Amino acid sequence: MSTEDLERLRKQQIALARALTQPSNSSPVHDPSLSSLDLEEVARSAETLIRKRLSQTRSALRGTSMLLRDEFAAEFREFASTHFFSGPDAIWRDAIEFSRWLARRRKEPAWLIDLLRWEHERCCWESQRFYFSLFRLRYRVVEWIDGHSDNSRDAPPVRSNQWIFVWRFGHRGGIRAIPRR
Amino acid sequence: MQWLFENPLANMPGPAFLGLFGALLVGAIIILRIKAANIEQGDHATPLAIPDQIDPYKIAYLRGGDTEVIRTAMLDLVEQGRIVDVQKEGLGKVLSQAKMQWKVADPTDTGADLPPIQRAILRAFAIPRDPETLFQSDIKSRVHEETRPYREWVDQEKLEADPEGRLQLRKLMIICLIGIETLGAYKLAAAWMHHRSNVIFLIGMMFFAMIILPICAQHRRLSQRGKNFLRHLQSAFGKLRSVKDARSKPVEPNYAYGNASLPLMAMGIFGVSALQGSSYDPLYQSYQRAASTSSGCSTFTSFGCGSSSGDSGSSCGSGSSCGSSCGGGGCGGCGGD
Amino acid sequence: MAGAVAVAVVETKPVPAREPLRSLGVGLGYRPVHRDEIFAHRSSIDFFEIVADHYFSASPPKLAELDLLKSNFPLIPHGLALSIGSADGIDQRYLQDFQRVVETVQPAWCSDHIAFTRAGGIDIGHLTPLPKTAASLRVIRDNLRRVQDCITTPLILENITESIRYPEDEYTDAEFLGRICEENNVGLLLDVTNLYINSVNYRFDALEVVRRLPKDQIVQLHFVGGRMEDGRWVDSHDATTQDEIWQLLEAILSLAPVKGVILERDEKIPPLKDLIPELERARDLYRHAIPA
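Chains as they are written, first to last, in this note's numbering: chain A, 499 to 679; chain B, 64 to 400; chain C, 205 to 496.
This is chain A alone, in the form it adopts within the complex:
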């Protein structure tokens, strides 16, 4: 076993990491380090990783996931093929960036954008030690918890505008809705 073997292993690992995490950007076919591998297996592993990310993002954006159902998966796959986040907060960044990406992409209905905004802010609040935000929602957002809520696609009833105040300082924080009189 020589130094070249070690170097070869290192290059193979880097190429594999790229192929798994950025499948649309890197092509295993052209990377000599991966030439010996079964490309179907590599593709399957990349798919497993996307499914894992999808599952985790569903949990973070539960309301949006329950409302959009299969569309959520399709949208996320498109997002995941061009976005990958590394590091210990990768899970949160997936949720935060995806919610932002989806809101920009969808633009309507307005209550969905509100829901995405709400879930985006909640993820930021949960994942960051220091965070502050004040934003307005046109529709009242109902937290979907344990599947007890109405799963229909109808928009929640229109309520008066409300401001949401989100703050976090270290391990203390809060989320408050300020209803308009």
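Certain hints may be false.
Unchecked claim - The list that follows gives simulated cross-link-like pairs (lysine-lysine, BS3-like), each with its CA atoms no further than 25 Å apart: (1) B:221 - C:274; (2) B:234 - B:221; (3) C:274 - B:302.
Unchecked claim - To spell it out: a stretch of chain A is covered by chain C in this simulated footprint if at least three of its residues, at any positions, have a beta carbon under 8 Å from a beta carbon of chain C; those stretches are: (4) 502 to 513; (5) 530 to 539; (6) 544 to 552; (7) 585 to 599.
Unchecked claim - Some chain A residues near chain C, calculated using beta-carbon distances under 10 Å: (8) 516; (9) 518; (10) 520; (11) 582; (12) 668; (13) 669.
Simulated from the structure, these hints should not be mistaken for lab results. Only a predicted model underlies this, so the values are computations on that prediction, with no experimental measurement involved. From the three backbone atoms N, C-alpha and C, an ideal C-beta is built for every residue, glycine too.
Model the placement of chains B and C on the given structure of chain A, informed by the hints.
Just chains B and C now, with coordinates in the frame of chain A:
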């Protein structure tokens, strides 16, 4: 006697003396707080494990002494239907709203089959009364005798602050207070002898010392070990924080340890606040003014408990880059679609 | 004299001898959703395996949870991203965080995986298998040395499902796992489900692999149910344990003096009471095979 008021201390300029007095006061505060912290810490490093069988009365005693034992026994009797709230009509109802009254359901019930604590309480409700009046009656002294096994358990497991240490702390506080006040009084006398009248700051500091030193000598009733044990219990049985919510869950774990029911366990571990909104809410209302609630998530709104990543049930595991799921975070799994 | 042979002497740190580990019994991978239920079923749980990563830079509630668990149960920290097979080396920050959790818990042993999760600055977020080559063994050895310099608690390593197989493999599964254990004096966390899945997907005899392993170094087992998808077994960790996996588990218990068995349910997590039958069945097998 000249030396009594002609010495460096008596002749010390006012600002300098105030600085010295302040420094001594701060020193006394620090010493008292350190002593109080040492008492609370105790000398038992190993945490007390949650036992397999939990006696709600024992935990109630740990939480709040005889008072909480009486409240728990009251719930026990209400649960058994032996004590009921008094139903009043018309003006009587309006008048009794301010103080809810309870009485025995069956006037002939002597409680002969009950343990001593419950029996004493049952008999106290032979005439309708407000539950809070129990604490002013001789019931408390009778209950105190019966709670000796709980006291022994608390002493044995060192769950309360060391009584010897508490006594020493009190003595230390008195010594510090006497010392500081004497020093201040001496300086006041010296100022008077020297015909100086700008002593308002010194008097203010002396009053401040009289207030702050006893406060600094306060300590928790429970030792660190006791506090941790109670905290662990409340964490382990978090679902019992609200009897109403615990009962509404479709999957209810079996919390009947020994002969204790869910509400009794909830009462023992969390106190009357656990009864709010449940079918025992009238009892909660009766005790509301004196209820000691557990902290819960009071800082946060109903949107969430303010935990950082990984704590809330719907969020992702923190820093789990290889986790198979948000709730699990184990090492396998392929993710769902 | 025809020629001379130059011998290079490479000094390596002596591998620390392992002390016998105590037997922990049968337990469960701890999941926060079960926190309110564990004390109602504690007689069925001998110990918990906690995901160490969940307690890195933990909030006070999370630390309180850890304090509650370690005060009442033996705990085994299980890492997810030590990346022992990474040619780039061990992530120092992860190692320090892992060490902190181990020091807090004071476990009988700790564990991670025979895999890499990091390469070229990219965090894959998934356990990726290694080629079974001498180069991999060398990388694992070097990384383990660094870990063992930092963490004195015995570390055991888990086999993973092999989503990718390397044609350049120089060793069989048994040889590779055996060499890792023997050359580095580390224990093995044998994931029965992963072994079974690999054996079905790549058509080899799982029990034969176990027979060729250094049995004394199989410290702990994992088991859980998987599922079939597109004709392949998948380590979904989301189902009740299948009969074939039970059979393999039973056979392994009769061969190896295992110290602990963990039910590792990761997804579609049911209420704790629904997992008790599996725990009890595992306990029956464990008691039958491992004398007290």
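* If you take the shortest Cβ to Cβ gap from residue 668 of chain A to chain C, is it below 10 Å? -> This hint holds: residue 668 of chain A lies near chain C, its Cβ roughly 9 Å from the closest one there, short of 10 Å.
- Query: Against chain C, with CB atoms and a cut of 10 Å, does the hint on residue 669 of chain A hold up?
  - Reply: Because about 5 Å separates residue 669 of chain A from the closest Cβ in chain C, which is inside the 10 Å limit, the hint holds.
Coverage criterion applied to the region 544 to 552 of chain A (partner chain C; beta-carbon cut 8 Å; 3 residues): Our answer is that it holds, as 4 residues pass the Cβ test (under 8 Å) against chain C, meeting three.
- Does the CB of residue 520 of chain A sit less than 10 Å away from some CB of chain C? Since the shortest Cβ distance to chain C is 8 Å, the answer is holds.
ask   = Has the region 530 to 539 of chain A got at least three residues whose CB is nearer than 8 Å to a CB belonging to chain C?
value = holds (count 4)
Exercise. Does residue 518 of chain A pass the interface hint, meaning its C-beta sits closer than 10 Å to a C-beta of chain C?
Worked result: 6 Å, holds
_Holds or violated: residue 274 of chain C and residue 302 of chain B, Cα atoms, limit 25 Å._
With a Cα-Cα distance of about 20 Å, the restraint between residue 274 of chain C and residue 302 of chain B holds, given a limit of 25 Å.
### Supplied contact hint for residue 582 of chain A, tested at 10 Å Cβ to chain C
Interface hint status for residue 582 of chain A: holds (8 Å vs cutoff 10 Å).
How does the region 585 to 599 of chain A fare against chain C when you require at least three residues with a CB closer than 8 Å, holds or violated? Per the Cβ count (3), the hint holds.
What's the verdict on residue 234 of chain B and residue 221 of chain B, does the C-alpha distance respect the 25 Å limit or exceed it? Roughly 22 Å between the alpha carbons, so the hint for residue 234 of chain B and residue 221 of chain B holds.
Discussion item. Just to be careful, I want the Cα atoms of residue 221 of chain B and residue 274 of chain C compared with a cutoff of 25 Å; is the pair within it?
Written reply: Roughly 20 Å between the alpha carbons, so the hint for residue 221 of chain B and residue 274 of chain C holds.
Establish whether the coverage given for the region 502 to 513 of chain A by chain C is satisfied; the threshold is a Cβ-Cβ distance below 8 Å, and no fewer than three residues must meet it. It holds: at least three residues are needed, and the region 502 to 513 of chain A offers 8 whose Cβ sits within less than 8 Å of chain C.
Hint compliance for this structure: no hint is broken.
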